[in-house]
Each structure stands twice: as structure tokens, then as C-alpha cells.
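Participant: Can you make the complete structure from the sequences, with help from the hints?
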Amino acid sequence: MIKTVVMERKPLSLSERTYLPQIASGLKTTFSNLFKKKVTLQYPEQRPSIPRGYRGVPTLVKDPNGREKCVSCQLCEFVCPPKAIRITPGHIPEDDEERSHVEKAPEEFEIDMLRCIYCGYCEEVCPEEAIFLQENYSLSGYSREELVNDKEKLYEMGGTLPDKHFKWDKKKTDEEQGNAH
Amino acid sequence: MSANVKVDMVTIILNGEEVEVPDGINLIEAAQIHGREVPHYCYHPKLTVAGNCRMCLVEMGMPMRDRGTGEPVLDSDGNQKIGWIPKPVIGCGTNVSPGMRVNTDSPLAKDSREGIMEFLLVNHPLDCPICDQAGECRLQEFAMDYGRGYSRFVERKNVKPKRTRLGPKVTLDDERCILCSRCIRFCQEVAKDDVLGFVDRGSYSTLTCFPGKELSNNYSLNTVDICPVGALTSSDFRFKMRVWFLKESPSICSESSAGANTLVESREGQIYRITPRRNDSVNDTWMTDSGRELFKKVKSESRLTAHRTNGCVDTLDAAVSFSVELLSNEKIAIVGSCNSSVEEQYLLRKLADQTKAKIHLPGHFGEDDGLLLSADRTPNLRGALATGMVKKYPSDNLKPLALQLVKGAVKTLLVVNEDLFALGITKEHLKKAKIIYVGTHVNETSKMADVVLAGLTVFEKSGTFINRNFRLQKFFQAVPGPAGLVPDFLVLNRIASELSGKVAESLGLESLWKEIGKLRTSCLKGIAYREIPSDGLDLDPGKLADLSYVEGPALNFSPIKAKTTDKMKPKAAKD
Amino acid sequence: MDAELMQMLALKVTYALVMVSVVMSIAGYTVLAERKVCAWMQGRVGPNRTVLPFISAIPFIGPFLRNLGLFQPLADGLKFLFKEEIVPGHVNKFYYYLSPIVALVPALTTMTVLPFGEFTNAEGFTTPLVLANVDLGILFIFAISSLGVYGIVLGGWSSNSKYPFLGGIRSSAQMISYELAMGLSVLPVFLWVNAPGMTGSGLSLASIVNSQEGTAWLVLVQPFSAFLFLVALFAETNRLPFDMPESETDLVGGFHTEYGSFKFGIFFVAEYAHVVIGSAIFTTLFLGGWHFLPWVADPWAPGWIGSLLGVGWFLAKTFCLIFFFIWVRWTLPRFRYDQVMKLGWAKLLPLALVNLIFYMILVTYLDQASAS
Amino acid sequence: MNLSLVDFLFYVFATISVGGGLAVILSRNPVTAAMFMILSLVGVASLFVLLEAFFLAVLQVLVYAGAVMVLFLFIIMLMDVGPESGKGTALSKKRLLSGFVAVLGVGFLTVLTLEYSGVAADSGANWQDVSEETRVEGANVVFSKSVKSFGYGLFTKYMLPLQVAGFLLLAAMVGVIVLSKKKKGESNDEDTEDSSLESSVPQPEEA
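So the protein lines, in turn, are chains A, B, C and D.
Letter 37 of the first sequence, counting from 1, is numbered 37 in our numbering, and no numbers are missing.
Count along the second sequence from 1, then add 181; that gives the number in our numbering.
Count along the third sequence from 1, then add 756; that gives the number in our numbering.
Count along the fourth sequence from 1, then add 1128; that gives the number in our numbering.
Keep in mind the hints are simulated off the structure, nothing from the lab.
Given the structure is predicted, the values throughout are model-derived calculations rather than measurements.
All the pointers check out, no bait thrown in.
Within a straight-line C-alpha distance of at most 20 Å, the following computed PhoX-like cross-link-like pairs (lysine-lysine) qualify: (1) 170(A) - 338(B); (2) 83(A) - 421(B); (3) 171(A) - 338(B); (4) 83(A) - 428(B); (5) 171(A) - 343(B); (6) 706(B) - 695(B); (7) 151(A) - 421(B); (8) 588(B) - 512(B); (9) 170(A) - 343(B); (10) 167(A) - 338(B); (11) 724(B) - 572(B).
Selected chain B positions facing chain A (Cβ under 7 Å, derived; list incomplete): (12) 310; (13) 311; (14) 337; (15) 340; (16) 420; (17) 423.
Cβ coordinates follow ideal geometry from the N, Cα and C atoms, glycine included.
Facilitator: In C-alpha cells form, the structure reads like this:
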């Protein structure tokens, strides 16, 4: 059992009770700070370095073949706490050589950045690794409509990310060789 | 399943617990009664047992008897010895018998399930993100509950045809099929349209339509409902919405007097699909394809979304007071509808009594398909009879009204949701008559009407229907109606109140039913709204049974007259 | 009215206008100084974005001025001017409008009796540069500046909202408490200056300044009085560590929480005008006014140049004091309300009394000694 | 009438003082009344300025307008004194009596003023003469606008009245302290308003 020791505060001396020496030393500190190097980041011209794993604006990415990865499973829409995501699912037509085996793709994909709270759940839940919160953090617009990112804008911001899975590529190879019945 | 049939109970020992179950049922049902889930794919309570998925494997044993003497074999403690069957048995194909020992979660049963799950998943594609079944997929659920959680399969998965068109409404993805054969059995046994089958063997086995045929009967979408995986999907609902977003509201199919129980599935005020709701006294677990399409009329172009007086959009207050003005005149006739709910028909009858109007009721009839599409194509013809709105069985036209119009005996017409011009009335007849139209969609009558009171569809309001079995069934609002519209029964109530010079009280279905329950000569006497069970209430038709109904024998239904003459044949359509 | 009177009036009005504009612009730039100094002390750079179209195009000088934020007060003023006037519905309209005026007017009025230099003409006749050379200068300043509290109290009360009200109440209590100590702390100064054998006459500020010419500044003679006066001055100008009426951290914005746009701007400027005037008074009383250095005669010759240099020197001292105000604000935390009250009544007031009595005795003793 | 600037200003300030005084009585809102009182006091101070009694004027503003009235306002606001209701206009005995006293008082003052200002007697002296330096009888003290001589006057010829006034004030202060001091064992919750007031009013005795 540890015994609690009550530390008595040392009584203040007369000079301490007037506070004046303390005030003087405080003044000295602030004065010396006048001439120290400033730490301000001149924001629009200088940009901060973004740490890894930063959660910026959510974007849609394409796979290395430049194909749409999102299959509109709507899990992000489901998991989104502020209901910022709105997806209209759509078919991929059968005559689309590249992607017909994927079957489904979003017809429209909207993220309302006025609602988004940058929680990153959408990125976490995405089974196709199609949605990423990237480094862009400054977002502004003149109207509410402008801040609703549609599919086109989301892909424009997202770009292409390296992909280790090539899921649909494998699927296609399987189809072409091997186990087709 | 009828209550009056005495069911013998037998005692079995389920997971070491002594329980009583009805005699003759299989182990899946028996376990379900006592809260134990036995996972299964091919078994369906309304179909014959196939026993080909092997998912429902359980451990089973019987008390041992000596083969020769039939004496019980006792162990050293003096208890009867249990003869455990060395291999697991399928729950669906094994019926209970007295003293039976069943273990649904013994290590053997668990191990069997895990093995079956692994086999089923060997070739099943990981399509869940794009698969419409995701969220209501048995394979997903059981893989979570009973699967081993990882795959030892390293080879390439089978590739089979995807996006195959089975029929006008059904799309097949063969890769996802687990060959449970539910759809095949449904087509053979219920729809009586034997078009589906398996071809090839082993891993090449594939579900397909027989050559030259397609799955095009009016019950094809039930195969989608019973498919435990995403192999069969509705072409219409395909990729429209994920099922976990959908809100389910119990409703009644308004297609015909069969009154199939349904679930209306909607998201944010928009209906995406209608699925059947199990009711063993009405529709089992089925419904028609045509009935699933009815929701499309809710948002159609021809929908009436605002009240009108003299062709101009107006408020409800104005429209009602104008209607009251018109109805205060002499020579009024009312055209009721078999599509209206019981409550609306009752209020219409009240209105007729107040205005001394005669009610004409046209019927809508078609072919009877012997299942769930009856010859009477309205949901509530018997409601009109039960509320006493009409006494006679309706005919398919309005000739008496036409005659009266010609005679000039009718000056004002209140039409509820019927198109007069489709029922033998001509513009010539209506020259001098004022028309008040209460309805949901634009038709020739609503275009001519002086007052249009826009109403709500069956999906936007609550109420009750009486089906061909004289079964009183409730339906509930699934989606909000267009802005500014109120349920028809409230509109009719306002008109009725204002006609008698009172201010309309706010009215709920509960309080309206207190009034309806007071009808003296009706079979609705004494019924309270809240006491109607969710799966319906059988009414005693009384004298109404003697009318000549048009429906023929069908699923869970035999015409009452036929029943009296033909007592020998039990339940004609059921097997 | 005769022409001479008219001429005199016109001249006085012109002087007053010049004075007002000078003080106001100093107040405006004090705001800038506050923001800059605070930023520097906190390792930031402060306002450095405002540009004027042509001046900023000048190489080197333009960017330099921009970095100093020299045009910021202009932008701030314009912002206050063009912001939407929002008058909350629950306020007492009349007093709500009145209080900013009441706050600003005393701050500007006190400077009428404030001498900031002197002019010696060819005949050697010296006139102090002051709008009204009143004999009772210091009392006048106390009297008028004590009226300034009404602006704050009324502003807090008329806002009809709890935080401004608390700010107003605190402010009035604080002003009353410290006015006493302030008055008592300057009494020894006048006692000293008016003592037999000294050069001062009455309560005139110009004579106080002139009594410090070529000899010790009063801050050296009466450091304790100067200290008490300075502390009371901080409290009277509502500067940290005594900014009870505002106390952003516990009262949102204090008395001006419900004020916006230009009315807030007036409050703001009034506060800084108080600081400027307060610094000037301190300079006058204790720092030798426009005179060069203690024990050093003014190195400039009398005449226009001399008086201009004197005024400049006066301003320089004032600016140093303003800087001190800012410096203290960004160094010290705020006192709690009860601490402020305790300090005022239980510490400052007795100390001032003791100080006064000490100088009374001292002056009498010196008088007796010189007489005998 | 030929108005000089000083005359004109006199009438302006007189109007302000008297009007302010009337408004103090007539306004229903206590804060407004207090503000008018300040206005009235400032008006009086201006009259003092016209008399070239700067010291008095400044003291008037400093003490009354600057300090006393702030306390007034402080109390009014803190106690949350609402506007007077307009009810009770009926003539009660109390009202009649107070009206009578008021009329009597005003009449008395008017008579006194007319009598002693010399306006009624049409003497050559008018009120401006007061500002002239006049020797106080029997003493070498100059009663003037100069602070120095003012001080001399106070501490020589008027020493006794000064001391008496000071003693009276002291007595009043002691009385206040005695009255406001709580008896021992008196519970705090008897009247919460007072105690809350006490805690927020500066209490020099506490330290």
C-alpha cells in the first residue's frame, strides 16, 4: 500500500506575493520572443506536407488499366454516417469488351461534400478498393450544388492508383482459358 | 394446418432436451419449432423434399429394439440403448418419430455443415458486391454462421455462363447456382410449367431451360424469391437497389380477389419491388408476376397529383366544399368501386344514404388461372357486399346507370376510381350530368369531371380488403403519397360530414371501424380494427355465400357452392 | 458675433479636427501594432496581406509595407463600415445606439486639455500646444474619462443579454474601484510640483511637464506614484490584466457581444483611444512630456523646428508606452473578477493613501527645513 | 432681448438641467431616469463653467456624474428594477399630499431665488457678479476660481464646516456598516437577493 504524501505548498515570499518579479520575467520572455523566427506557414503559397494516411476528400479511383473499379455495391452509401453518398447503380452493357464480365457499375455516384465528415468509413468498407480519401483537403464552392461531387469529378480527382489485385483481370483470364464450361 | 384438425404430438429428444412436436413433420421444421436452426438450401416448406444440398445434415438416433423380439435393448443402467446412425442424416428428408434423438449442433453435425459449405463455396464466385442477392443470400448467411471462414481451394474457379436470359423476367447466373433445384421443383409442382432442369454432370452441371422453352409463366419471379443464392435474379429489379436499404411494409396484392399477402419494399418513398409474404391460408409463399408490377403505376405520368375544380388545380378544402355543393342537389348516383377498401366502401354507403343516391358497382372480370389470379380482378368485391354498399352481385357494365342517365334521373354523379367510358357509358349520356371523380389516375372520366379529388393508391394508404375466401386482411401504407393528398376515406368522411352540416372530425381507422363494427346485418359486425390479425381474419359470409361468384377452385380456395355440392374432394388445388 | 471670435472659433475647430484625426489614426495604428506585436510574441507574422494598388507596386518598399501590414487599419475600417448592420430584436434600441457614442466621446474629449508640446515665439514667450489650457487639466481628464464607463455599462445593459450585462456590471465596478486609487496616486505629484519653492502652478498639465525640464523626471522622483498610476491606468483603460468588461474567455465578448459592424468598431476605437490618451497622460505626468531627457536640457532651439521636435519626442515616448501596454497584454493572464476588486480596494487604495501621506509629510518636512 | 453668447449658453444649460430634472421624475424607466439625472448634473456643471467655477464644475462631473451615478446605475441594473407601472393614477391622500408639498417647495424656492438673485429687486448686480473675485469678509482669503485659494479657504475659514461635514459622512458610513452587518447565526437564505447583491458589490472590508 502506497501512502499518499501530501506536499505542502511552500509559502510565498514577499516578492513572490507582489508578483512583480514574475511579471518582469514574463515580460522578458515575451520580449525575447519578439525577435525569434516566426513559424507561420504562408498558406496559399506554402503548403503543409500531408502525412501518410491523411483523410482528405473522398475520390473514386481507376485500376491500372484505366477501368472503373467501383461496381456500385452501395456499401459505402450504407455505411456513410452522414448519408453523404448517393449512388445510382447501372449495368455495363454486354458489348463492352473490356468490362462486360463486371456487369455492374455506378450510373451516377455523388458525394455531398457539405455532408461528408471525412471519417473514411467508405474507404474502409469498399470491397473493390475503389474509393479513397486522398490528400486534397481544401474544398470550396460558390453554391451548394458545386460541392456535390458527381462521378466525373470524383474520377477526375481520384485518378489511377496502383492495384495489387487485378481481380477482374483474373476473372477474364479464367474465362478465356482454363475452366470455362 | 386448419385449426380444427387434431394433430398428434410425438416426443423427440432434440439436443438432449425432451420436446413435443407434431407428428409427421421433418427434422428441419421440428427444430425450428423449438428455436433451433438447421441450415438448408434445397428444402422449401411448400415444395417436395429433394435432399440434394446436404446442408441440413444432423445426427440422428433411435431407441434400440431387438430385431427379433421387438423388446427394447437396455444398457447396463437399465435405460434403453440409443442406436445412433453412424453417418449424419438430412433433416429435410427425415420425419420425426417417437423417441427419436436428434443433435443439430453436435461436432459431427457442425463438421458436416462446414464441409458442405466449403464445397458449395468452391466454385461460387465472390460476386457479392455486384450480386443482387447480397443481404438476403442464404449462402452469405450460412457461410458466416456455419462456414469455416477461409478457403483451402487454390485452383481456378469454374466459369459458367453469366447473364443468361431464362425468360422475360428472370436472369440466370450459372456460376452462382448451387444446384438446389428449388426453382425446378417450383415450376413442376406449383406453376405446372415444367421448363427448367439440370444438364451435364459433376462440376459441369448447369441449370438451364429446356430447349425451345423459356421461363415465361406468370409465376416465374417466385423462382427468384426461393433461389437461396443470387443465381436467379429479377431482370426488372436487377441492379436497382441493394436489399438492405429497403423498408418492408406488409400489404395485400390488389390485382385480384385472391388477395395475396405481400411485402412492399421501398426506400425513401420510392417502391422498388414487391415480394410475397407467407400466408398458409391464402397464398403460401407465392404471388403472381403481374401483381409485382402494380407499384409502377404509383409514379406514372397519368397519376393525379392535385385536386381540381372545374379543371383548375385547387385546394382540398375548395374541392370538398364544391363537391358538397354538387351533392346537395337532387338526383344523385354513385359509382362505387371494388378496388376501394372496406372503409371507403362503408363511407360511400353512408354518403348514399345521406343523399338518397343509388350506388352502381361495376365488376372487373377475367380468366381464372387456378392459382393466385382469380377471375374477379378486383381485391375487394366481397367488401362491397359485406358493407352493404350493394346487395346484388355486380355485373361488368353500367347499363342501369346509362338508362337512368338517358331518362334524366341522374344529375350528379360521384365516381370512385372507375372509368365510366370503359363500362358502357357514352359522352352522350353524360351531357347534362355533373361529375365528381375520386381516384388515383387520369382517365376519360376524370378529364370530364367537374371536381377531381385525387386519391391515394393502395401503397400509400392503410385499410382492409376482403378476399375470395371471405378473409378480412389489412394492408399498410408503404410510401407517402404525393404532397397534399390525404387518404380517400378521410376525403369521403369530410364530404359526408359537411353534407350533414357538421365539421369533419379527424378520423382514424380505429374509430372508423368502431362505426363499421356496429353494422347490424353484416358479417363485419363486432370486429375491431386492431383485432384483425396480420395474416387476416376469416369472416362468416352467411347469406352472402349464396351469390354466384365467378372464381373457380384455386390455391387454398374452393368456391363455397362447389364445397357444398362436392364435399368429397378436399382442397382441389393443393398438393 | 465679431470677426475675431469667429476666427478664433474656426481656428479652434480646425485644431480640434486635426487633433481628432491624429489621435484616431494613432488609435487605428495601435490596433495594427497590437496585432503585429502579439503575432511576433507568439511566433507568428501577423497581418501582412493588405495591399494598396499603386504603393504595393513599388519594388522593395511596397512588399515591405505590405509585410508590415501598414494598410490593414484601412481595410479594417472599411470592413466595419460596409458590414451589414445587425441590430438584435431584443435590445433597447435607444441606448443600444447611444452607448458607442457615449464610449467614444469622452475618450476624444479628454485630449482637449492634453498638452503635447510648446511653442516659444521670437520674444521668448512660451505657449503650450494644447486645445484648452485649463488650470484643472488633470481633474478635467479624470472627470471626463469617468464618464466613459457609461458607454460600456449602457451597452451591456441595453443589449438585454446576460454576457454583455455581466461585462457592463463588472466594468462599472472596476472603474469606480480604480478611479480612487488613480486620483490618489497623482495627488503626491501635484503636491510635489506645487510645493513651496517648486515651479508648478495648480493642476495644469503643462506646468507639470515644464517642472520636469532639465531636471529629474517625476517617474524618478516618485517611482511609486508612477507605478500606482500605471496600474490604475491599466484598469481604467480596461486593458489586460484587467479587461473585465470583455473577458472573451468567460463572457463571449463582454459588453459588446451583441454589437457588430461600425458600432462595434466605435467601441473598439474608443478602447484604443483610451490607451493612446492614457499613455500620453502618463508621458505628461511622469516622463517629462516633450522635454528631452532627465537632467538634460532640450537640445533643440526654440521656434517651429524646436516645437515640432518636441512634439515628435512626446509622441515617441507615448508610443513606447503604448508598446508597453501591448507588451503587458500579451504577457499576463487576466485577473479574476474578485481578484481585481481585492487588488483595487485592499491593495492599491491603501498603498496610494500611504504614498500620499508619506509625500505630505516629506513636503512639509522639506518646507520646514528650507524655512528654518 | 439682446442675447449675448453667455446668456444664450446659460439658457441652454439651464434648460438642460431643469428639463433633465423634470425628466428624472417623469420617466418611468429607472435607467432613463438615471441617465436624465446625469444629463441634469452635467447641465449644472456647465452652469458652473459659465460662472467660471471650473473646479466645482469638474468636481460635479467627477463625483456626481462619474462616480455616484455609476453606482446608481449599477444598483438599478443589478436589482433589475422594472419600469414603473402606469397604474394608480387615482388621487389618493398620499398623492395629494405629496403634490401639495411639491408645489409648496417649488413656490418657496422660486420666491427665494427671486428675492436673493436680485432679479426681482432689479438691483444692478446680476448672477454674473458672483464670479468676480470677492474678498471674503474678515479674512485674507480670496474666494476664487483658483484651486489653490479654494483650498486655502476650505482649510482656514471653513475648517469647521468641513470637519463637521466629514464627521457626518463618517457617521453615515458607520451607520451603513452597522445596518448591513449580519447578526451572528443569521441564516443566509433569508433573502437571497440581498446576499447575491452583497457578493457582487465590492467589499473593501473583506480584505
